[in-house]
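Chains A and B are the protein sequences, given in the same order.
Using the numbering used here, you'd call the opening residue of the first sequence number 3 and step up by one each time.
Using the numbering used here, you'd call the opening residue of the second sequence number 3 and step up by one each time.
Don't take every hint at face value.
[Unchecked claim] Here are the simulated BS3-like pairs of lysine-lysine, each with C-alpha atoms no more than 27 Å apart in a straight line:
{"hint": "1", "chain 1": "B", "residue 1": "K229", "chain 2": "B", "residue 2": "K86"}
{"hint": "2", "chain 1": "B", "residue 1": "K14", "chain 2": "A", "residue 2": "K229"}
{"hint": "3", "chain 1": "A", "residue 1": "K293", "chain 2": "A", "residue 2": "K49"}
{"hint": "4", "chain 1": "A", "residue 1": "K23", "chain 2": "B", "residue 2": "K77"}
[Said to hold, decoys possible] Have a look at the derived ranges for each label pair, beta carbon to beta carbon:
{"hint": "5", "chain 1": "B", "residue 1": "E57", "chain 2": "A", "residue 2": "D85", "range": "27 to 37 Å"}
{"hint": "6", "chain 1": "B", "residue 1": "Q11", "chain 2": "A", "residue 2": "G362", "range": "45 to 55 Å"}
{"hint": "7", "chain 1": "A", "residue 1": "D163", "chain 2": "B", "residue 2": "Q11", "range": "51 to 61 Å"}
[Stated by the list, open to error] So these bits of chain B aren't anywhere near chain A, every CB distance computed over 10 Å:
{"hint": "8", "residue": "P38"}
{"hint": "9", "residue": "Y56"}
{"hint": "10", "residue": "R137"}
{"hint": "11", "residue": "I159"}
{"hint": "12", "residue": "R167"}
{"hint": "13", "residue": "R245"}
{"hint": "14", "residue": "I255"}
{"hint": "15", "residue": "K261"}
{"hint": "16", "residue": "D267"}
{"hint": "17", "residue": "T270"}
{"hint": "18", "residue": "T295"}
Hints were generated in silico from the structure; no laboratory data involved.
Even for Gly, the Cβ is constructed at its ideal location relative to N, Cα and C.
As a plain string of letters, each chain reads:
Number of protein chains: 2
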Amino acid sequence: MTRLSGFAQTLKASDIAALLKLTEKPEVISFAGGLPAPELFPIEEMKSVDTAIYETEGSKAVQYGLTEGYGEFRKQLQKRMKDKFFVDCSTEDIVVTTGSQQALFILSQLLLDEGQTVLMESPSYMGAIMAFNPRWPKYTEVPTDEAGMIPEELDKILAADDSIRVIYVIPEFQNPTGITWSLERRKAFIEVINKYDVTVLEDNPYGEIRYDIERIPSLKSLDTQGKVVYMGSFSKIFLPGLRLGWIVANPQIIDKFVKFKQAVDLGTSTFGQRQAAYYCNMYDMEAHIRKITDLYRKRRDIMCASMAKYFPDSVTFTYPKGGLFTWVTLPEHVDATALMPKCLARNVAYVPGGIFYPNGGRRNHFRLNYSNMPEERIVEGVKRLGEVLHAALDA
Amino acid sequence: MTRLSGFAQTLKASDIAALLKLTEKPEVISFAGGLPAPELFPIEEMKSVDTAIYETEGSKAVQYGLTEGYGEFRKQLQKRMKDKFFVDCSTEDIVVTTGSQQALFILSQLLLDEGQTVLMESPSYMGAIMAFNPRWPKYTEVPTDEAGMIPEELDKILAADDSIRVIYVIPEFQNPTGITWSLERRKAFIEVINKYDVTVLEDNPYGEIRYDIERIPSLKSLDTQGKVVYMGSFSKIFLPGLRLGWIVANPQIIDKFVKFKQAVDLGTSTFGQRQAAYYCNMYDMEAHIRKITDLYRKRRDIMCASMAKYFPDSVTFTYPKGGLFTWVTLPEHVDATALMPKCLARNVAYVPGGIFYPNGGRRNHFRLNYSNMPEERIVEGVKRLGEVLHAALDA
């Protein structure tokens, strides 16, 4: 037996992880993951991209690189932040990360001492909870409705607890609920947080996958005090396997982030960064995103229409205006985790909602993903779920 | 001003980092880095490798992958461990990492509570110190001679301090000294550590770059109690920009490692792993390593011959039997950090030895790298260093 750190001993397999393992069998129609549709990956284009990288840069493309990231890529990201997210920043305000998961992990180490408090939407992304956990934080869930975090509630919570250091939010097409914050809410949010000494982590992996909604300025674009750290990702709009994300932050955070990232992995793949940068130069990334968006919109429509048709009336769900997920609410007495074995027996799967609540509780929800499944499988899967739900609720 | 964690406040720029920044100017003959020779990177071959990946696997090669790593790659690594390092392990004992720097960082979090003790060779790799620092450890340097760590001294230190959890060692062509442990020392080392409840981190990024020495069994191959974690890297024998390393460890550590890596970056680039795996299948990796070894052997010879010719007699240096570095010792009263500005004025650079000692002190050393510099520049650079040293020592 190896003698492990106290922290390592807290890394336990969850029951849900065991359940999710079962969803990986090919016969299961799994709405559990958050994977993009692989049939849209630009594989032919990538052949030309890689060849162009080797021919243009040769060995430089695969040598050690700067921890901050590949210069050309950071320049593109700077422009992207302006064009897409209304954020005026300089290349120096950007660091490339090994996926946005790494950004979450590093930022939690830079911003939290052990036992301090993190505020989150309720529910929120389980991967963020995983990244914060090594700091043993206290989590406080901020009441959230269909327009986002409720500013008055946030204000009350901030006023009452001076151990709050971080507010983690996903204002666009939230994971798991699919909710998008209104502009009014965003402005009110910034007004509230400006009264306190806190840092906001704005996680926006889905912001470019929008169906029926205009662009809304990001929190970072409304931030006049350097309190918001923006986190972006190429995993949903490009190729998740390359592990590419980025942050935009104030110079003080950038400085510490780079120093710590050096200890964590020295730097993100120099070749991977070029794969994204060259693709954006050689092809039309916006057209690619439109293709993704069109497909996912169709799948969302089919999923929502199927749920309306097959689910019991007492079951409600969100109709996301973008992103990859819809959030299903069962009557309060029904436990979505307990229903999982019945779903798996029918070869259909979701993520039970409990794990999206950092403090546990509320088990009458589940999350469905529609990006990774062909249309006819969506219909069939929702139909099977409907049968399980009818059997459980009509009994 | 952002309110940072206590840990973040300890992340400071060192004076040496500022000095090393100056070595990056193109006119400087820099022996300071640890970069492989880019002229040997198999760029033409990589074009075919990438095309083969896209044609064989298509979208699978760039989709999210398992945190443990790409199956085929882990199988290759399992075979590599047997063929090259005498280690019998299964694929399940291996996790692919985002460079071996990530392995160091994750292992330090899994094995150390704050304030516990890490043993190291004296001197040792500064990147490891960087990875351990977030745990605020106490460092104890174990007396080390030209055959490796001295077992009797190690035994005494282990017996006297029960806060020791980790022993970090580089038994092959050590960084910075170039020293290789003899087989006798390795056996004696294992005998000593088997008496204590500690974990050994065996870091072996240079083990395949050997000039005039037979293979010696790795510590992991002598480990009968699961106490040694082996860390390997593709950065020195293949392409450092891909950020590919791996660990071999007991099941208990592997389990925690995978769970924590999920929070840290979800997984290592799925495409990057295939680049290494396909290269190994399509080309002759051993021939590639021989090419690297032949070039570096030549450069080592030229560097050592030049030092013998141009350095004052009171300056000594190691003659490494493999790896990338030689370690230079000045008379005790001479401070290598203080000499750096004089070297930079002559457009030549090294890494001052002080930073390789976790507890500071001993400043009469510097490290020279010979892998990244053409032969005539090695001669010219060593000649300039010799002039600076003569001026300092003959005065």
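How the hints compare with the structure:
For the proposed pair K229(B) and K86(B), the alpha carbon gap of about 20 Å is at most 27 Å, so the pair holds. Of the pairs offered as hints, the one joining K14(B) and K229(A) holds, with about 22 Å between alpha carbons and a cut-off of 27 Å not exceeded. Restraint check for K293(A) and K49(A): the C-alpha separation of about 20 Å stays at or below 27 Å, so the hint holds. For the hint linking K23(A) to K77(B), the alpha-carbon distance of about 22 Å falls within 27 Å, and the restraint holds.
Evaluation of the 27 to 37 Å hint for E57(B) and D85(A) yields a pass: the beta carbon distance comes to about 34 Å. Roughly 33 Å separates the CB atoms of Q11(B) and G362(A), a value that falls outside the hinted 45 to 55 Å. Separation of D163(A) from Q11(B) is about 22 Å and departs from the stated range, judged on CB atoms against 51 to 61 Å. Listed as a non-interface residue, P38(B) fails to keep its Cβ farther than 10 Å from every Cβ of chain A; the least gap is roughly 8 Å.
A beta-carbon of chain A comes within 10 Å of the beta-carbon of Y56(B); the shortest separation is about 5 Å. Distance check for R137(B) against chain A: the nearest CB is about 8 Å away, which does not clear 10 Å, and the non-interface claim fails. With a cut of 10 Å on Cβ distances, I159(B) stays outside the contact zone with chain A, its closest approach being about 17 Å. At roughly 7 Å, the least C-beta separation between R167(B) and chain A is not larger than 10 Å, which violates its mark as non-interface.
Here R245(B) does not stay apart from chain A, with its beta-carbon only about 5 Å from theirs, under the 10 Å limit. Non-interface call for I255(B) relative to chain A: violated, since the shortest CB-CB distance, roughly 6 Å, does not exceed 10 Å. Not every Cβ of chain A is farther than 10 Å from the Cβ of K261(B); the closest lies at roughly 4 Å, contradicting the non-interface assignment. Against the 10 Å criterion, D267(B) falls within the reach of chain A, whose nearest CB is about 4 Å from its own CB.
With a closest Cβ-Cβ approach of about 7 Å to chain A, T270(B) is found to fall inside the 10 Å limit, against its non-interface label. No Cβ of chain A approaches the Cβ of T295(B) within 10 Å, the least distance being about 18 Å, so the stated non-interface status holds.
In summary, the structure is inconsistent with hints 6, 7, 8, 9, 10, 12, 13, 14, 15, 16, 17 from the numbered list given earlier, while agreeing with the others.
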